[in-house]
Structure formats: structure tokens, C-alpha cells
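Protein chains: 4
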Amino acid sequence: MIVVMRSDSKEEEIGSVLDRLKELGLSGHLSQGTERTVIGVVGSTYPELREMLEMMPGVDDVIPISRPYKLSSREFKPYDTVVKVGDVEIGGDRLVVMAGPCAVESEEQLLRTARAVKAAGANVLRGGAFKPSTSPYTFRGLGEEGLKILAEARGQTGLPFITEVMAPQDVELVARYADVLQIGTRNMQNFILLEEAGRSGKPVMLKRGMSATIQEWLLSAEYILSQGNNRLILCERGIRTFETYTRNTMDVSAIPVIKKLSHLPIVADPSHGTGKWYLVAPLALASVAAGADGIIVEVHPSPDQALKDGAQSLTFESFGALMAKLAPVAEAVGRPLPAALEVR
Amino acid sequence: MIVVMRSDSKEEEIGSVLDRLKELGLSGHLSQGTERTVIGVVGSTYPELREMLEMMPGVDDVIPISRPYKLSSREFKPYDTVVKVGDVEIGGDRLVVMAGPCAVESEEQLLRTARAVKAAGANVLRGGAFKPSTSPYTFRGLGEEGLKILAEARGQTGLPFITEVMAPQDVELVARYADVLQIGTRNMQNFILLEEAGRSGKPVMLKRGMSATIQEWLLSAEYILSQGNNRLILCERGIRTFETYTRNTMDVSAIPVIKKLSHLPIVADPSHGTGKWYLVAPLALASVAAGADGIIVEVHPSPDQALKDGAQSLTFESFGALMAKLAPVAEAVGRPLPAALEVR
Amino acid sequence: MIVVMRSDSKEEEIGSVLDRLKELGLSGHLSQGTERTVIGVVGSTYPELREMLEMMPGVDDVIPISRPYKLSSREFKPYDTVVKVGDVEIGGDRLVVMAGPCAVESEEQLLRTARAVKAAGANVLRGGAFKPSTSPYTFRGLGEEGLKILAEARGQTGLPFITEVMAPQDVELVARYADVLQIGTRNMQNFILLEEAGRSGKPVMLKRGMSATIQEWLLSAEYILSQGNNRLILCERGIRTFETYTRNTMDVSAIPVIKKLSHLPIVADPSHGTGKWYLVAPLALASVAAGADGIIVEVHPSPDQALKDGAQSLTFESFGALMAKLAPVAEAVGRPLPAALEVR
Amino acid sequence: MIVVMRSDSKEEEIGSVLDRLKELGLSGHLSQGTERTVIGVVGSTYPELREMLEMMPGVDDVIPISRPYKLSSREFKPYDTVVKVGDVEIGGDRLVVMAGPCAVESEEQLLRTARAVKAAGANVLRGGAFKPSTSPYTFRGLGEEGLKILAEARGQTGLPFITEVMAPQDVELVARYADVLQIGTRNMQNFILLEEAGRSGKPVMLKRGMSATIQEWLLSAEYILSQGNNRLILCERGIRTFETYTRNTMDVSAIPVIKKLSHLPIVADPSHGTGKWYLVAPLALASVAAGADGIIVEVHPSPDQALKDGAQSLTFESFGALMAKLAPVAEAVGRPLPAALEVR
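Chains as they are written, first to last, in our numbering: chain A, 1 to 344; chain B, 1 to 344; chain C, 1 to 344; chain D, 1 to 344.
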């Protein structure tokens, strides 16, 4: 942490900062510039220290120089984390493809979709049993009944499944059924839920908050990791910007940025990231080209009848077409599709 | 809801839309423009319908024309809602001034602050016992101990208090102590928490999500109102934009917009809205001039020692100065300060 | 400028940075922290230096600590600048009220408006002769004919006028007629236009770019000031955010921020800032309460017939109502309206 | 255009809207819904009409249903536009790769770079002679001298070149030397410059404004196309968002959106889009995977000595590495690199 003094700061103001640092068990290293005096803080700093120092007379700015997240950083763990979910490796040599409907609507809908996505090469099934909904007047999921249907689909297809958990008190229930717990964008800073999910010991996929910076996202990851749960996957799903043509703006750059800053695997969600089915394939390809460890895509037997998010769902046919286009791109970047794996 | 057909849409595509509407118990009113055909949907529509129709062949766009929120709208209830908290009326003839520390740190800190803000004219005490924190490595509040201290301060000063509740399972506990439950910005779309707070029957203050549109905010309000709880207050606290000089960008326009769209009272939080103590007074004045029903402000005995949000906290002295500046502005817009009330 | 080395940087990388600084006529002050080494750059730095140093091996980050703008800063000139336009002082003891139509449409329209806004207490006339337009297929102003009409209105009412200039080659023409040159939001970084306007010697009002940070705005101000033209006024007119209910989000906080960072006067434009006539009055009041030196407001004889921006224009009647509401707020913050001035 | 009346609108208000439409040579088609009356406007509408109608009593909202851009739309011209620059086709079967330094600094710097990027497979040279600069105190380009150096490099390498033009009065000069005129992000709404560039008859590359919606970008394209100049290329270069880790947020989705809405070719600029050299390769790959017709990349002999934008410039070596990675991705999406072309 560096304390920048005002250009007109007085001797005694500089002295007070040095004294305060000493009181706190730290020390200050003085550096006299042409215009300003700068004090480097030596010792173990913490976020609150910044605000405390900013308040002191004569201080112009306080600049943190170390990153506030730890367990998620590459400095802490230089090698890529691979999360194993049954036979599937997320963050390993091959891409992971998660697919399925936004919401579980019925056993028939889910089973048909599960078989179709498996046939097309997906290796994880997705489907919502508890659905967040902007309005209280819309469909909010089948609850435990939905979890049972997902488990049934896993039994029939062998695909492990990922599903969202929305409340701390539901973690235990959802963890009993699901292979991966998903934390949705609206809950990225629901810290109590994060800790509860962390404690479950289950693999967790943490979606980026729609207005969260990359740093805030990694700080939320800390809540899960600090419970001793290292089976964590990040998911880029678009951020909120001024552009309204797309539902969100898919921040494809976040993928290589996370790869640089963190050891955690990262999956891309072009369905929520764009909100339009005809943009899902180009953004899935783009995300994989940029280095994503996998994609998560919404697929529905008849999107125009879907109870939720139909506009961004692929049909079985268009999902098949996406997989056909994705295969050569995945090969081109050295991360082949999971389908190839099963052939061996 | 209006269905806009593509300029090259075919007869049978238009027919299919009309048929689908009939299936759903609605009807379509055809309007042939120079370039495009437009179908007005007659009957009671719902959000999912939009996506369903957007998926149909030949459809270019589907435009909702009624607002998705109901109970919070002025069309539903034309007259202003006034929320009574003890003797204090929020949304009534006089402003409400809520003040206190970001977090309750100790009995001594809170009692001193409570007395000081009361003396300066505040009529509600604020203070956090459960604190959301971006990082798991920082101070997160005293919990129930903090609630007891707040209750003690109420006993000594007569000020009712508002405090944040972060988890559904804590609502019952916090409601046992608090006069007003606060839902924080990160939880604006924590729908399970909203319903639980709604069911408590306690007055609730719902902060705007930092990246929520005004419409999404009112939809979150519906979650609370639809539980039969009408004692709801909105709070503008700044939104996330590209500007980094301020912590958030205080959306002062949201105040008159809410007054137009809704009957609910609205309070402004210039402390979080700006993140800098020297901007709190100008933005408090601005918010009141724009029509806010009150302000909520962070005050701390020694901001440079605060465990949280010191940089945006006022000292007792600067809070007094704010109240002195606010009085004539409040008079000028016909909403006098609460202090005047006590004189009667 | 401070160079933060990576935690794993090597001796020779630190040495290279110090050598490079020496080559450039600067020196480096080494500060060894617990985790990282930090080098304070001593000497006169410049923006490009940052990128050069960031590229060097072992460097993690380079942090500028002095502000890149100079002539516009309060450090350069501690006292408020007052811009005189005829008898009107912008930034002086009284507010300035600029009013008039978005675009000059005809002599009759402008003269009626000029008389009406003068009668209601405005002291500067506004009106566009050259209009930027998002689409090439819409009205783009009367050009020099419009300037002549504005000059005629000045002759009849005594009100000085402000009008936009869009192209460097038009500066000379517009300066021949106008009292104040306006640089619009889309041209805030049209650097050639800024310099040309600066060289004209005329007072200039520089609107904030709709996606410009406060720092970028002050840097654009430098382009005008560095031509030796100190008669510069800033204008906050809303920034682009995700909220779509309002045309822009009026950044009211920018007003006290500018007052803190700069000596330049600042005027608020609630017409463009909100895009809706019924929000103009509350945001005008808010801006003045926050410390603005004046307001600029669109007024039209029949907004529903306006060729441009009718939705945000006030009628004569609603402008009169605004002035009546503004008067007590202006008094409350110690900056009375100009009308009072004329009484003397 | 559709006029939505308020739920409490009166008969005569509806009548007034119909009368006004008749006055304007249009007609209104009435549609009575359960809650609201809606009027479809029949005839040729224009943007100003919207605001006029919004002002009328009883009107709640006016919704445009046709897009305001024409010449740039796929409805106007269904087939892809291919812009020929010498032997290079932009928007054709093969990718275009534009590379070179941000700014021309010297003949030696540019010639070395031109030869290096050609050797690595680029087929257009880029380099700035007139440079926009946020601050007046930084390097602003060599001017005509820079153009001469670019022409010299073209002579030696055979590569056509693209360079920015910043002022209407410079268009003739720049067009005398350059193969393609670039309009920078800060000038996307400098409408006078757009028209002047359109009139030059030269191919133009129009960068997206950093806070421009896709619709505004296409409207700016209209300014050039409406001058009879069809040799227009769009360039996505990142938009401004709340995320500060990257300089801008590259809106990769804009690429397939443009392909859907428009017939114009689109090129991606990952250098400005990310601002960090190590993100250039992943975003270049992502853009091509998403359907871009080409990339434009900054390359410098020694980025750490660059006078401008060093942090986002590739070395010759890293540009070679990018081309090696790009080749298989380009093949995978069926748009091979230009290098392959020359081999034939």
C-alpha cells in the first residue's frame, strides 16, 4: 500500500501518518518526489487500512499494490485447477460442454433434452429446479420435483448434472441430488450462500455478477475457497452495459484475464451472455478460441414453448449444428471436444 | 403487447401467430402498415409470452406496452404511501433523516453516535449488525450483539432504528429487534430474502441494486408487496457506471422518476452513492431538492478509525454542518426537517 | 509515478528500470516492501512514460500519482474563475440561467422564446444553428441564417447568446455572431475543434462527453486553456449508463467534484441530462443545490411541434414554474437567481 | 411507429392524435386492447415524429418499429459488401490482417515494422500520422511527414495502408496518400468529418464510438454511405464499461450482430479493445471465430520504447506467434489467412 501525500502537505501530517502506521504494527518508507511525498507501507496490510489512511490530514490518495484475493490467485497456486465431476474433468485437456434447458419443466421435456444433448456430444446436463425470476408473477421452477427429474435423467444417460441453488437453507437439499451447484449471477455477492455452498464440499460453479468487476468475482470465489472447497469453476455470462441489442455484453476478454490471474477453470455461457439464440454459436466459438475450458448452453425441445428464456435457447438441431462448428475450432486451439474422448 | 412482423413475413406466418394467440386464450388485432404488419395482442399478457412469440417464424420483435409491476405502481394506488415507524412518518409532510455508523462496532461508539445524531436533528438511527463484505477477510459485523446495542441506543434516545438483514434465516431474529429491515444493494434480487422480509410484517427499506434498472427495482418491490406488506420504502444509493472518481454514480433522476411511477416513499443515500465524505452534503441537498422523502447518512465518532466505510462517513461536526445547510433547502421545497417537528 | 515490481522480480530487472529512468533524465527511489519492491520515480514524468515502464520485464504495474491536467486544476489556480459575458458573470455570486430552443427554427419561434425566457428571468439565450444529429436523415439546423436570427434576438432583448459550433472551419463564422461558443458532447474529444475554439478568444462552454470520465473532461479543457483562453465554462449534461428510462444519467456528483478539482465554473443541463421535460425541474433544483453555477434549459413555444428534442423542452409556462421553484432553492444555497440582479 | 395511449386517455385525446397524423399526411390505425388503446401509424415516418407524438396529451409512449438506418441495412442490400483495396478484398473469402505501429515515429521504425508484418502474413499496413490524444501535452503524430513515410513503406513492401484522418480539412491531404481512411472512435459522431470522408471516394474504416450503440454506429455509417461511397468497413474496438482491468470491453457479440443487421464488412481491433498486449492474441482468435472479416493489430519494433500505446503493441515475435495461432482457427471457420492466398 502506498500513501500519496498532497503537494501542500505539512511535515507534521507526514509525521502523523508514520506514527499511525507504527501504532498499527507497520512501518512507513518515505520517498520524496519533485512534487509530492510518497510513503510506502511496509508490513501486512488489509483493505480497511486504505480508508483509515485516506481520512488522515494531508493524504491525497492511498493506492493498494497487492491484490486482495489470495486463494484464487495464480501467485498462491501456479498450476491450473482441474475439477473432476465423475469422469468429466473441467479445466483438463478437453473442453466440457454443459447443455440442457433453462428450467426443468417436465420429466418428458428433460429426458428428451438430456438424450439429445448427449447424442450431440455434451458431457454435463444443465437444468434449473429453483429459478430466480425478476418478477414474482412468473414461473419459478419445480423445486425438489425438478431435482428428482434431473437425477432420473442422470440415471438414464450417465450425464452428471449442474443446477442452481438460490438460498442457504436449500444447499443441503440441492447438494443431495446435484453433481455441481451453480451460484447464479444475482447471488454472486450473497456471501452467506457462498459460504454454505463452500461448506457442502460439492463442486461449485460461480457465475459472474452482471455488474461485478473481475476482482470482485475473485473475491467472491474466496468465500467458497476459504471453506476448504477447491472444486470451484468460474463462469462468464455477460455484463451489463449501455448496449441493449444484446441482453448482456459477453466479456470474452475476462476469459484470458482469469487465466492470467487465477488457477481456476472458466466456462462461458453464451446463452445468457447474449440472450439471442442466433448469437449463441458465434459466441461459443469465440469463447473457446479465447481459451475457455468449456461452454454452458441452453437447449430446449421447442424453444417457442419454453416457460423461460426461450429466446436464447437452441433447438436440438441448432445445438447439433453448434457442436459441428465447434469441433474444428476446439481442435485448432488444442482443446478437443468431449465427444472425441468417449470414442476412445 | 405488440407483435411486429418482419417486412418479408408471409401470410401463413401471420396466421400462425394469430392461431397461437387464440390457443392461449388471447386474440390478435391486425394492423397493416406501409412496410410491416403489426399485431396487437388483446387479453391479459405475461412476460413469458414475449419470448414465446419472438421465437415464431416471421416475427421481428415483440414489444410489451404495459408495465410488468403492479402493486408498486401509481396506476394501482394513486396516492403517496406514508410508512409510519413509531412517531416517524416516512413519505409524509416532513423529511426523514436516518443517521448513524456504517457498522455497530461497540456500545460506546454507537451510543455516542446516536446521541450526537439525535442532537443534530436525525429521527431514525442506522447501524449495521450484519455487514456484507466484498472480501471474506474483512470485518463482517457483531451479529446479534450489534442488534442488542442498537436496541439499547433506542431505549436511551427514543430513536427507532434501521438495520440490514442479509439472510432469509436471519429475518426473524433481526425483526425481533429492528424497527425497519434494510435490504442491501447486493440482495435486491435475492428473491427468497425479499419474500421473507415481506412476510415479517415489519417496515422494509429496499435499496436499489447497483446495476438494477428502475423497472427491475420496482419488480423486486413487488416481491415484498405481494406478501401483503405495504410498509415499503425505496432507497437510491448510486449505480455502477464507468466513472471511477466516485464509488458509484448517484442517480438523482431516479427520485422524481420513482415519484412518477410509484406511490412508494424514496430515501437517498449519498454516503454510498458517492463514497466520499465531502460529497455527502452536496448530494444530500441535491436529493432533497429533487424530491426525496429523506436521507440516510453515515456518521462516525472518528471516521479515520472506522472499521468500515470511513472514507464516506461524516464526523459529528460535519453532520451538524450538513443539517444546517439542509434546513433552508428543505424549507425551500416545502419538506421541512424533522427537528422542527419535535419543537411542536 | 510509482513502479510496482512483481513479487518474483529479479535484481537485474529492478536494475534495468533504474537504468532506464536515468537514461530519461529521471531517477528512481527504491522502497523494499514485505512482498514487493516499489520504485518511486523522481523528476518530471509524462503519460507515455507509464506505458514504457509497464512493458519492462519484472514490472507489475505503474501508478501515476500526479494528475495529468494542469491549467484547469485548483492546484494551478486556487480561486474560482468567473467568466464575464457582457454584464453576465458565470461563476460569480449569482446563478446564470441559459434558456431557449434546442434549434433555431424560425425568426418568429426564436423571438417569442427569447422574450418569454427573459421575462421569466433567464439571462442568456441558447439556440442551435448547427445541430449534430445521430441520423443524416433529420433536421440539422439553419446554419448562418440561424446565427443571424440569434443576433436579432440579442438586439431585441439584450440577452447574450450561446450556440454550438461543430467544425473547426466554422469557428470563425460562429465566433463572429455568438457571445459564447458551445462544444457539444459528441465533440468533447474533437481536439482540433477544441484548439480552434480556444484560439477564437471567445468564451467557450465545454459539455462533458457522454462517456467521458471527469479526468478526460478536464484534459479536454486543457486543449482550450492551453491556447491562452481562460474564459471556459464546463457543462454537465448526463452520462451514458445501463439505465434506459432517462436519456442519460445526470451525474449530479460531478458538480461538487469539479468544484473540488478545478477553478472553472460549471453549468448543469437537465434537459439533455434527463431527456424528459417533467424531470427538468427536479434536476435543475438538484444541480443548483449541489453547487452548480447555473443551468441551461430547453424552452420552446410548442414542444409538441419542435423539430428537435421536443420531449425534453419546457413550455413558457413550465419554464416559468421552474423559475418560481428555483428561486427559493437558489436563495437557500446562497446563489440567488439573475432576475434579482436586474432589479438593482 | 406505434402510439400507446395511457390507460386513462380520453376519446378526444385519441382523436387529436389521429387528426395530427392526418395533418402530417399519415394515417392512424386504431387498436383497442383490454387495458390500452394503441394507434399504428401508417405512412412514411421519421425520427422527429416520435418526439412530437410523445408530447401529446394522453400519449404514454411512442415505439418506432422500423429501423432508422437504411443504406447500411441487410434489408436494403442482402448480399455482403466486399471492399477492394488494391488486390486485397475486405469482406471476401479470406481474412484481412492489418498490422503496424500505433503511430509512425520514424522512417526506420515504420519500414522495419512494415517488412516484419508482411513477412508474418499481414496484407494491409496500419500507422498513425495524425494522432488523437486525450491530453494536449503528449505526442500527436508526424502529420504529412508520417503520410510520406507510409507511402514509402507501401512502395517498398507492396502493402496498401490505412491511416486515421481527424479533421474535415485534412481529408483531401490524407486521401492523396492513403489507401483507406480511418475514422477513429472519438470521431464516430463527428458528422462533418464523416461526410467529408464519404465524399473523398476512398475506402473508409469507421471505428465504433466507445460508447456508441450498434444502432448509432450504423447511423453514422449512413453519413458516409449517403455520400455515394459504398467502400465502407466497420471496426469493433471495444466499448466503455465499468470493468477497469481492460482498457475497454471488446464487444465480440457486435460482430455477429453486424453480420445480421448489415451487409458491411467488419474488422476487429483487439489492441484497443483490450489495451494489454497479452490479451491481443486471445481476442483476435475470438473475433475471427465469431465471424470477423479481419483484424487490425498494433505491432512495434520495441513496444517498451513506443511513443504511444506501447502496452498494447505486439513485438515482431509475438505478432508471428499470433499469426501461427490464428491460422488454424481461421481455417476452422472457413476464412483462411491472407498469407495462403499469396502462395498460390
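Among these hints, one or two may not hold up.
Copies of the same chain look alike in the list, so a pair counts if it works inside one copy or between any two.
Stated by the list, open to error - Derived pair list, reagent style BS3-like, types lysine-lysine, alpha-carbon separation capped at 30 Å:
# : residue 1 : residue 2
1 : K77       : K325
2 : K259      : K77
3 : K202      : K325
4 : K259      : K10
5 : K22       : K276
Keep in mind the hints are simulated off the structure, nothing from the lab.
To see whether the hints hold, each was checked on the structure:
Taking the shortest alpha-carbon separations for K77 and K325, only the inter-copy value of 27 Å comes in at or below 30 Å, while the best intra-copy value is 34 Å. Only within a single protomer do K259 and K77 lie at most 30 Å apart by alpha-carbon distance; the minimum there is 12 Å, versus 42 Å between protomers. Within a single copy, K202 and K325 get their C-alpha atoms no closer than 32 Å, and across copies no closer than 36 Å, so neither meets the 30 Å cut-off. Only between protomers do K259 and K10 lie at most 30 Å apart by alpha-carbon distance; the minimum there is 23 Å, versus 45 Å within a single protomer.
Taking the shortest Cα distances, K22 and K276 sit within 30 Å of each other only across copies (26 Å), while inside one copy they are farther apart (57 Å).
Checked against the numbered hints given earlier, this structure breaks only hint 3.
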